[in-house]
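Protein chains in written order, with the numbering used here: chain W, 1 to 464; chain Z, 1 to 464.
If you're looking for bench data, these hints aren't it; they were derived computationally from the structure. Keep in mind that the hints are not guaranteed to be accurate.
Given that identical chains are not distinguished, each listed pair holds provided it fits within a single copy or across any two copies.
[What the hints assert, rightly or not] With a straight-line cut-off of 25 Å between C-alpha atoms, the simulated BS3-like cross-links for lysine-lysine are:
1) K333 / K69
2) K308 / K211
3) K352 / K374
4) K374 / K303
Okay, here's what each chain looks like letter by letter:
Protein chains: 2
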Amino acid sequence: MMQKKLLLLTVSIILNLVFTIHILYYSSTTWNPTWTNRAAAEAETAASFSCSGHGRAFVDGLGVLDGQKPPCECNSCYIGKDCSVLLKDCPVDANSGDPLFLEPFWMRQAERSAVLVSGWHRMSYIYEDGTYVSRELEKVIRKLHSVVGNAVTDNRFVIFGSGTTQLLAAAVHALSLTNSSVSSPARLLTSIPYYAMYKDQAEFFDSAHLKFEGDASAWKQSGRNDNITQVIEVVTSPNNPDGKLKRAVLDGPNVKTLHDYAYYWPHFSPITHPVDEDLSLFSLSKTTGHAGSRFGWGLVKDKAIYEKMDRFIRLTSMGVSKETQLHVLQLLKVVVGDGGNEIFNFGYGTVKKRWETLNKIFSMSTRFSLQTIKPEYCNYFKKVREFTPSYAWVKCERPEDTNCYEIFRAAKITGRNGNVFGSEERFVRLSLIRSQDDFDQLIAMLKKLVYHEEDVPSENFMYI
Amino acid sequence: MMQKKLLLLTVSIILNLVFTIHILYYSSTTWNPTWTNRAAAEAETAASFSCSGHGRAFVDGLGVLDGQKPPCECNSCYIGKDCSVLLKDCPVDANSGDPLFLEPFWMRQAERSAVLVSGWHRMSYIYEDGTYVSRELEKVIRKLHSVVGNAVTDNRFVIFGSGTTQLLAAAVHALSLTNSSVSSPARLLTSIPYYAMYKDQAEFFDSAHLKFEGDASAWKQSGRNDNITQVIEVVTSPNNPDGKLKRAVLDGPNVKTLHDYAYYWPHFSPITHPVDEDLSLFSLSKTTGHAGSRFGWGLVKDKAIYEKMDRFIRLTSMGVSKETQLHVLQLLKVVVGDGGNEIFNFGYGTVKKRWETLNKIFSMSTRFSLQTIKPEYCNYFKKVREFTPSYAWVKCERPEDTNCYEIFRAAKITGRNGNVFGSEERFVRLSLIRSQDDFDQLIAMLKKLVYHEEDVPSENFMYI
């Protein structure tokens with residue numbers, strides 16, 4: 001009896017010791033969130049909804065103001081509270097270059113890529129040095145170019161914009177003002193097929209100093225190429241829509257060149273050399289996939305041009321949102337952390353696989369053809385690699401298929417009409433960088449379309 | 001002996017029970033952060049630096065890329081690692097309207113105002129409904145106007161911009177295009193003294209459709225007021241720089257009016273009525289103090305004007321950053337949560353106290369005078385209240401003091417020259433909405449300046 005009691009006492013005291021150690025240990029090593037608790041919990045809750053893998057919930061989803069849990073926002077063609085229902089025969093969106101192919105990458109990098117924005121985060125118009133530009137963000141951007149090897153940043157000013165969209169407008173504006181002694185407006189030129197934004201901006205702003213003139217080669221061969229009229233040539237390389245590397249067509253004392261390198265990343269193209277131009281623009285949207293953040297940057301050699309662009313940014317938005325700059329800093333920190341290894345392998349791997357699938361289908365078609373680009377040596381991956389452009393630039397080969405966009409639309413695939421790019425309607429652009437669901441549906445519809453060509457035997461479809 | 005042991009056993013078992021309950025309770029009620037842990041811990045660390053109350057550290061401060069702790073960023077005139085050293089005779093910055101007077105409010109609202117941005121937060125260009133606009137944010141903005149009673153939002157489109165800056169450009173652009181059949185450019189008019197941005201934007205963009213013409217009253221009285229030439233009048237109410245409520249000067253079929261209500265909040269002005277105009281602009285900067293977020297919004301009655309503004313926003317930035325919209329949603333949720341009670345009492349209280357101090361000093365001066373505005377009934381505070389403008393609009397009364405800005409600069413106070421506002425150099429604008437440190441230093445320097453007027457007896461300074 002006595003011994004039993006002694007044993008009980010001993011066990012009880014030992015248990016007490018264990019408990020005491022447990023509590024002391026946890027209160028000293030577990031970090032206890034205080035004011036960040038609510039925000040973190042809300043983010044974790046939203047992230048915990050799987051939405052059947054065909055959608056996601058965001059902390060600022062519909063209804064959260066009324067205290068509801070954020071709802072699943074489904075990928076196209078998926079519906080239902082948990083995005084589990086796939087609509088049959090749903091039309092495919094292959095129009096915009098919404099870069100959601102990188103979303104799964106960032107979901108896997110959840111811990112490293114999150115930022116917590118405090119309520120008093122950088123309320124001032126300016127940073128400590130009096131500018132609108134985060135110096136740490138500038139630093140990580142220079143580092144990014146150095147690890148990827150796609151651009152020289154020495155002796156360059158770095159300028160930030162609300163997307164490359166704002167920087168394009170700023171750059172064209174700055175370049176059009178460089179020679180005000182010439183009375184006729186500067187001509188904006190580019191190569192067909194071209195990204196429509198160049199034309200749309202120039203026409204919309206309808207400046208007395210600028211006129212969009214279309215194709216640079218046509219201009220060069222025309223009599224209007226007088227070596228006096230000021231000319232701005234936009235070079236998009238890799239090109240949107242066809243993914244080809246491009247060089248300037250024009251030169252001369254009256255020519256200013258603006259390089260749009262939005263797609264010059266290992267996801268899409270061999271990195272053949274570090275570009276070293278007067279004025280280069282880059283876009284976060286096509287680097288990390290964050291189109292929604294509206295962030296782009298430019299590398300500018302000439303101080304006077306930089307200052308004019310800076311004034312443009314100041315007079316149209318007073319710089320870029322501080323929340324955005326904070327988030328972009330964190331994202332790029334993750335990217336450069338391993339020299340871009342994870343993100344570019346993921347991005348390239350994803351787009352490459354999509355091209356393989358696509359090529360298989362189109363190889364069976366005589367009705368449609370795709371752009372082809374010869375592989376080149378990539379300094380980033382240290383090997384010869386194929387191009388994996390963001391977009392398929394599809395040509396309808398049959399003489400009667402004059403409007404390729406409509407042919408695809410009838411097959412429930414919405415691309416972008418070739419005429420939007422200054423090209424023929426015989427071309428249509430299909431986006432390959434959207435979500436996996438969008439791509440899978442595109443493939444399903446493409447198979448049907450190609451399958452219905454009379455000369456394609458059905459057994460060819462067994463393995464794709 | 002036996003009893004002692006029994007007592008020990010009982011105590012030990014009770015202790016065991018207490019520990020068990022403690023552990024069970026904490027493991028069930030303490031939420032354990034997972035992927036949000038790093039971001040939250042970094043934010044808490046930065047926030048834990050007090051910087052002697054004369055600065056603050058931000059998670060994206062200089063050196064954080066290299067793994068350093070974020071440094072204190074000191075208010076002007078404070079230096080040292082912890083911002084504890086006040087520089088003697090340091091020149092005062094009273095120039096820009098950086099709204100840091102609200103920073104202490106948001107520091108107190110730390111828990112409610114924080115947001116955690118995940119790495120995959122809204123990577124798409126668009127929201128679920130295909131627009132660039134968060135519907136929840138639109139909802140909370142309508143709610144904000146309804147609780148403050150400063151604007152009617154029914155039958156209005158809400159448009160977002162990267163600061164009111166972008167919306168101003170968008171609005172003027174849209175209004176200048178409304179009648180393209182008239183060949184001469186639309187004239188942009190406002191009332192002196194005016195916010196320089198209107199003029200600077202118009203002159204910088206140098207559009208064929210718009211010409212800045214200055215003072216609306218002067219135009220009205222001139223022969224050029226022909227009722228045919230298209231006219232855009234910007235009405236800033238309360239006015240920047242002088243804080244007065246304003247009405248449009250011009251009317252007629254050829255007149256379009258654009259209302260800039262950036263300062264129409266209880267911090268600065270009695271809310272005399274809910275404004276109900278065709279096109280009104282508001283700025284987050286002067287509502288919550290978040291100038292760095294670059295967020296503004298417009299209320300637009302006419303669909304065609306709204307669509308033109310929307311196209312302007314699309315072609316200059318493709319909408320506003322999603323990180324920003326997320327943060328603004330959270331901030332405004334805090335504001336409307338108690339009907340604006342806390343923030344507007346804090347803001348009004350702060351600016352009112354500053355005006356009391358300022359009035360005391362200027363009441364002793366014959367050399368300088370301040371604007372005066374008669375108190376009015378405020379529908380928000382339900383009482384007659386004085387105006388508490390963001391800026392002191394100071395006049396140098398002595399005939400020889402022709403350049404008031406220089407007089408103040410010689411006294412180590414940098415304001416903004418009256419001529420920047422289209423007014424005389426006899427005026428200077430002093431900002432009263434900056435940090436408390438900036439204001440305190442302004443007061444110290446003002447005292448010295450007024451003290452040195454020959455006719456002010458020194459004992460007047462004993463009590464201020």
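Self-check item: Enumerated hints in conflict with the structure, sorted upward
Solution: Failing hint: just 4.
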